[in-house]
Structures are given as structure tokens and as C-alpha cells.
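Residues per chain are reported as follows:
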Amino acid sequence: MPKKKPVKHSGDDDIAAPVSSQTGSSIDTLWWWLTHKGTTTSFLCISLFALLIRSAVSMYPYSGAGTPPKFGDFEAQRHWMEITTNLPVIDWYRNGTNNDLTYWGLDYPPLTAYQSYIHGVLLKIFNPESVALLSSRGHESYLGKLLMRWTVLSSDALIFFPAALFFVLVYHRNRTRSSKSEVAWHIAMILLNPCLILIDHGHFQYNCISLRLTLGAIAAVLCGSEVLTFGLFSLALSHKQMSAYFAPAFFSHLLGKCLRRRNPILAVVKLGIAVIATFVIVWWPYLHSLDDFLMVLSRLAPFERGIYEDYVANFWCTTSILIKWKKLFTTQSLKSISLAATILASLPSMVQQILSPSNEGFLYGLLNSSMAFYLFSFQVHEKSILMPFLSATLLALKLPDHFIHLTYYALFSMFPLLCRDKLLIPYLTLSFLFTIIYHSPGNQPVQKTKASIFSFKNFPGYVFLLRTHFFISIVLHVLYLTIQPPQKYPFLLEALIMILCFSYFVLFGFYTNYTQWTLSRHFRSSGKEKKHI
Amino acid sequence: MGFVNQRSLMLSVYIGAEMDHREENKDRRLLLWFFAVATAVKLLLIPSYRSTDFEVHRNWLAITHSLPLTRWYFDETSQWTLDYPPFFAYFERFLSVFARVVDPRIVNLQSGIDYGAESVVYFQRISVIVSDLCLLYGVYRLTRKLEPMKRNLICALVIWSPGLLIVDHIHFQYNGFLLGWLLLSISFLQEGRDLLGGFLFAVILCFKHLFAVAAPVYFVYLLRHYCWSGFVTGFRRLVTIGAVVVAVFVAAYGPFIYHGQIQQVISRMFPFGRGLCHAYWAPNFWVFYIILDKGLAFSLRKLGFDIRIPSASFTGGLVGNSSPFAVLPQITPLTTFALVLLAISPCLVKAWKKPHPGLVARWIAYAYTCGFLFGWHVHEKASLHFTIPLAIVAVQSVEDAKHYFLVSIVSCYSLFPLLYEPQEYPIKVLLLLLHSMVMWLGFTAQYAEKKARKKESGEIKSKFKIGYFEKSYLMGLFIVEMVSQFLHPHFLGDKYPFIPLMLISTYCTVGIMYSWIWQLRRILT
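Line by line, the protein sequences give chains A and B.
Per my numbering, the first sequence starts with residue 668, numbered consecutively.
Per my numbering, the second sequence starts with residue 49, numbered consecutively.
Take the hints with a grain of salt, since some may be wrong.
Pair ranges (Cβ atoms, derived) [unchecked claim]:
| id | chain 1 | residue 1 | chain 2 | residue 2 | range |
| --- | --- | --- | --- | --- | --- |
| 1 | A | Arg928 | B | Phe517 | 56 to 62 angstroms |
| 2 | B | Phe534 | A | Gln1154 | 38 to 44 angstroms |
| 3 | B | Phe534 | A | Ile1141 | 47 to 53 angstroms |
To be clear, the hints were calculated from the coordinates, so they are not data collected in a lab.
The beta-carbon is built from N, C-alpha and C at its ideal position, and this holds for glycine as well.
Model the full structure from these sequences, guided by the hints.
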């Protein structure tokens, strides 16, 4: 039997002392801990923390808690579970005695309905009264809230996290130079994204599912598997029509790639089959008659609600202070105007991708097209900022400075909404947490971007502008919380917040579009240089 | 020439100092970073479940604010009477000044009862978060001389301790604040500044008397290490430290002695009528004792002996003269006291023989382990008293790390029944998992093989490996959790509600007993 080593008591044990002196700076111990076992382990550790944060946030109130008769998004989701578990599939989108469409009628595509059905079945097992037909309207209880929260938590853990892991593994496989600590930092940025946490686990929605499907599709693009991409993206589209924000980027990138194939037609046909097959499977119950199909479609496009609602920091809402769009044009013409504007705004990045598709350009394209949709499309919610924000998160290592600013303003644009939901403490805490993790010691994410030839920072007054912006936003935060706006303009502060965020988003949009174009020029020039050599 | 040499030497010294300074700044930044992350989590936990301790502390705010000092320990308006030593009462008096500004109803004796508005919740929760600065300073002071790797590990283990989060920031207490004082005291002892260390310990005792379990260790250590140096100096030092301790106690208890209330204060602080075990069955030695008694009574009854079923319960206190035990002899507070002292004694002998400052933390942790195992009416929260000091010991060798890995998981798990509401279920599980993960990553990195370190990629070997026995024991925790959370409610429903609690505490007792024996062996060898 081996004899046990004599035990030492004093502080300076010989085991660790020489080892740690080799590491040099103590500061990277943090990252050394996290990453020395490989990406998957550090991902697991960070995701545990992210789940902890999510479950802590979920203890806070949800949107519309205790505010009859309409309540909020929480009630909408619960109502859908009630409808889907109690009515046959074909009646989900149809107005009837048991399904009053004016009371939170289902207005998302079928995949959302299926997801509601699955969650509804779970709720029915543990708390049947919370999804009972008609009698459960406005149901609010400890157990009901908890179960609903857990459905979001589990969909996040089971769906968003694996997709994030998939993306990180694929993305960093291509980037040989990225150090381990950068990978860990990037994972933390994706998983601790305050906007997504606040909306899904505070306000209450299931954005994690459609965003995950999109993320999976993006990872599949980086993997080079086009069929998988289109399958996943079609699923994302059938979960939330808002996923269409990303469509131009996917379309242009894959078109650009297909055109470079030897057999472009065959490639396109293959993709077309993938898309059609996915759609047919998801939409099957509604494909038996044209009426049913149109009924669902009409539910998905609520044009009667006007071009904008509330105070969202997009073009239409911001300019409506000066130009009364709703009075000047009919809804019909506004529809075409907004469509044209959106296409025009996303055109540059699409053209770039068709001309020279590249992985990095694709990520920028996602960002640009979703930003274009956010700024110019019809009926945008505050929450839709999640789409451009997701794609910015993926590029966090490329534009770290802009990323933290974007996070700040994206959060700020949702500030009035979150205040209404009584989520002030999580809002402040998560912004704080995100900032300290962004600036976590020992990790300098500030990396020279490839487009460093031109930088906004070189513009005279840019830094000054940014600082003024920031200062005003702080003042607005304080004002919003402390003072009552004048009687004449009850939404004065909301409007100011909107203008501020809008101006930042526009600036950001310009910057990323420009970067995307310089990217291709850079690539092309470097390619030429290689040929010369 | 010489001049130039001197200058360059000076310059290099200067640069070296500058470097050290910068290093230290960086470390401080990292420590603050740990604390900031923890604070964010604590803030998010504000709306979570809070136990009656929340109302207890609110009531103390009201008592100390609206009553004169002479009536603090007599007030019975609420059932949650003041039963902590005077310094804690002064601390509550201090907090109540701010509480009044926030919302006057908090400090109202009558209308404040069971007050649950946002103002009081936020005020009290944030007061705990702010008082944790004490813990931060304690950790900082304790670890500032250590090498970076160890220091960071200790900081992560203490500041991110799941036990502290569960007890202080969900259940509601001020343990972080008090343990901060303890760490501060240990840091002075380790530096050889015994007088300050002793002084701080006296202060802690006047905050919370449950810390007194380590008093014998302090007494012996200070007597030997501080006072045992020649007759004259020794005597002078003995008088000094005696005077310091007496002064602290006078500052605390003086006013009450002056008013002739010391009897009342003591009787409030030591409610021996509360029974041997706390309602939640802390995982200590007495769990075995009770189970043995039950088993014996059952088997003897089967054999035909006439065993009466005891009328008193273990948790309800001693009712009259009847014993809660059917067969085994009754346990009195005196028995437990003697047993604790007996258990500590090997460590005392060791401390007397070789009073080494580097070992103080180990001895103190051991003393608290003994107090936890054999004490009277022990709360499971008391396990924090030894898990936090053990964190300091854990970085000293691989064996210590392995032991700490086990004991901190067990002690954290034993806190689970405190948060019995389903809302906190994912939180407590995630806290434990995250803690285990951080420990595992931290220890494997700390004890990584020298050569492997340099390699950029590939499998890194570490001396830190969890043994077969420990692994299966920890797996058992998982099974216990499954049984008590899912199988028991599913098959037995509401019948025998005490079974899950008993199962958990019995199983955790095995772990804690193991830890006790391990620590004892470690101290003796």
C-alpha cells in the first residue's frame, strides 16, 4: 500500500507555488480557470451562470401582472396555451364562440402554436385550472406563473444554449487566431445578453426559440451546410414571422454562393425543396383548403394596427413627430412605402453578399438587413431590436466598442416598456452585470478590426457626439424615473428616448454597412495581392 | 561609475515597486470584479422567498428604534424577541436610522408587524448587500499576501459561496457581515498581530454568541502564542489582552449591567428550552442518536419489552422532566457542551504544543465543525461557520482541496430544505452546480501539472482528482434529492412529511462526520 505523503500545513506548499509563478500576471487566472478544460467546459460553466441569472430574473413580475382586463404578453401566451390545448388544430386561428380573436387571438405562425400546445399540455398536468377553456382568462397564481416561467427557462436551456454552443464551435473553428479567453468572453456575451433575458424572462416571451433557430441556421451557413440552413431558417420563420428580418441576408449570401457553383440551378432547386418541405410539414393542417391558409396568413399580418405603435425607435415613429404619416397616407400606400424603404435600406448589404459572399460579410449582412427591417418596416415593436442585436452579438469580437454602445441603446430603447413591467431593478442590474463582464479583467477584447483603415473615431467630433449622447441618455433615465411629464405632452420623455436611440441606430447602421463594403474591398485586394505573389 | 550603478539600481528598485504596485492594483480590480458580479446576483435575488428571519430583523429594527435601551430585551410585542448580543442590537439601531428615512412604518413596533411592502424588502435586502462589504474587506485583508492564484481561488470560494447567498440573500440573515469580521480576525492572527485578532474576536462574540464555539481555540492559542513569553512580558501581555477583551464586553454589556438587566439578556441569548434539534434537523451527530433511539425502541417493542412512546418531541424543547428519548439517556445542554469541548480538545493540545499562526484558520474551522456536530439546538445555517474558514485552508494542498470540495457541497446541499418553495428550486440547484463547477475548475487549474501548463492545447493533467469514494457519495446526494423531491411526494403524497428532511440530514451527516474525522486526523498528523 502506498504510503501517504506527509502532510504539509504551512501556506507555502511546494505543489502550487512554482506553477503559478510561471503564469506571469495573476489577472489571467480567471480565464485560465475557465478555459483550461476546453470550450465545452467553459461553455457549461457560463451557461450555468446564465441560467442562474435567468431564473433569478424570472422571479420579478411579468408584463401586465395584475392589470385586468387585457393584461399583457404573459396572458397572451397563456391564452394561446388555453386555446391550443382545448380546441382542434383547425380552429386555432378561427374566430368562434370559444376563441374570441379580439382577446389575444393567435397571431404567430403555426410553430408558435405547436409550442404553445406542448407547453399547454405540461401546464394542464400540473395546474389544470390555468389553461381551462374560457374560465382561465386572466388566470394568475403562484404555481401558474412558476410553470409558465419554467417553460421559458426550459426552452431557453434546451434550445437556445445548444444553438449557441453550435455557433461558437463553428465560428471559432474557422478563426484560428482567437485565443481561448476570447472564446469564453464571446460565449458570455451571447448567453448573458441582457435584452434577451429581460424580454424573455422578465417581460415574458419566447424569443429564444425563434432566435435559436436562426442562430442554428447561421451556424449551419458557417458550416457550409445549406440544406440545414434553410430547414432551420424556415422553422424560425414559422415560429415568428419577425425572423424575416434576416431573410435578405440569408437569401443574398446563399444566392451569391450558388451562383459560384458549377451547377447553380441544381443548387437552387435543392434549397427550394428544403424550404418547401419544411413549410409543408409545419403548415400541413392549414394546407387543406385555401381559406384556412389565407385565414392564418391574415392573422400574421395585422396591417390594421397601423405603421407603428407606442414609441419605437424606428424611422416611421421618430419622423412622425414632424410628418404625420398616418394622416398623409392610407394604410395601403404606407404598406408599399415601408416595403420599398426596407428593401432599399437592406439593398447595399444584399448586393455586397451576392457579389462576394463571405462568412464575415454574411454576419454583417444579417446585422444590416435586420437593422433595415427594424428601422423601416411596417409595425415594428420595441422588442424587435432583439433581431439586429442578436446579429451584433455574434460580431461582438469584431466590433467590441460599438457592441457595448449598441447594447446600451438597445436596452435604453426598451426602458419605458420595462419600467411599465416593473422590471427596473433587473434592468439596472443586468446592464451593470453585462458591463462588468464585458470589461472583465484580464481580457482585452478590443481588437483591431479589419476595416481599421477607416474608423468613425477618426471623425472629428464623433467621440464628443457619443459622449453627449451618453450623457443625455443618463439624464433621461433619471428624468423618466423622477419627474412627471407635462399634462400637454404625456409621452414627452418616451419621445425623447426614442429620438436618441433612433439617432444612434442610424449611425450604427451606417457604420456597419460601410464596414461590410470595405470588408469585401479588403478581401478582394488581399486576394489580388496573393495572385500577384 | 558607482554613481551610475546606484542610480540604475534605484531605478530598477523603483520600477520593481511600480510593477508590484500595478500587480496589486490589478488584483484588487479582480477582487472587486468578483464582488461586483456577486452583488449583481444578490440584487436579482431581492424578490425571492424570505423566511421569518426577515420579520425577526425588521422587528429588531423597530425595537431598537422606538424603545429605550432598558426595554430592548424585555419587549414582547412581537413573538420575535431580541435574542442576539448587544452589538448586534446596536447595529440594528444604526440601521434603523436609515430605515426611518426610507419608510417610518418599518420601525413602528405595532403597525410594522408583518410589514411586507417594497420599501421594507428593498431596504433590508440592500442593507445585507451593503454589509457584505465587510466580507469583502475581510477576504481582501486575509489574502493580500498570498500568491495570485490562491488568492483568487479563495476570493471566488468565499465571495461566491452559495451557502452565503442562500442564507443571507434569500433566507435572510447577516452572516456575510459577521463572517467578514471573523476573516479579519483570522487575518490579524496569521500576521502575528494577536492582540488585534483577539480584540476582533471579542467583538464578534458580542455580535453573535454562536461564534463562541471557537473561543477555547482562541483562548489557548493567544495564551500560548501571545502571552507565553517570559514572566514579565507575558504577564503584561496577559493583562493587556484581558483588559481589551473586558473593555469590549463592557462596551457591549455595560449598559445592561448598569441597569441590572444582565440576567434577562443572558436568558434571552441562551434559550435552552428550545430543544436538542432545530425544526429542520441540522445534519449533526444527534440525528444518528435520535435514529438509534427510535430503532432501539422499535426493536425492543417487537421483542416484547414495554417501551412508552415519549410525549415530548425533539424539536419542541424539554417539556417538564419527560425525556424525548424512549430508550437512550436524555441529552441535556450540559452534555452537549461537554461533548463539544471534548471534541475540540485534541486541537487545543496541538495549539498549545505548537502555536503556528498558519494553522489558526484550520483550528477555528475545526472548532466550528465540532460545535456543529455536537452542539445544542444547532441550525443548519451554522455550517457556514466552518465552510467559509475552510476555504482558506483549501488552497494549501491537494488533500485539503479534495476535502473542501466534498464538505462544501454537502453543507450547501444541507441548506436546501431552508428554501422549500418551488420558485427557488432552480436557483438553489443552479447555485450548487455552479459552485461545484467553479471549485472543480479552480482546483484542477490550481493543481495542474507543471509541464502541462506551458502547452497551449491538449489534455491538461491535474493532481486534483475526486476519488472513487467521494464520487459515489456525491452521486448519492443526487439520488437523495430525487427521492425526497420527486419519488416521495409521488408515492407517499403528504404522508410522513418528515421523511425527506430526515433523509437529507442523515445523508449529509455522514458527509459532515467524515469531514470532522478527516479534519481531526489532519490536525493530529
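Check each numbered hint from earlier against the structure, then list the numbers of those it violates in ascending order.
2
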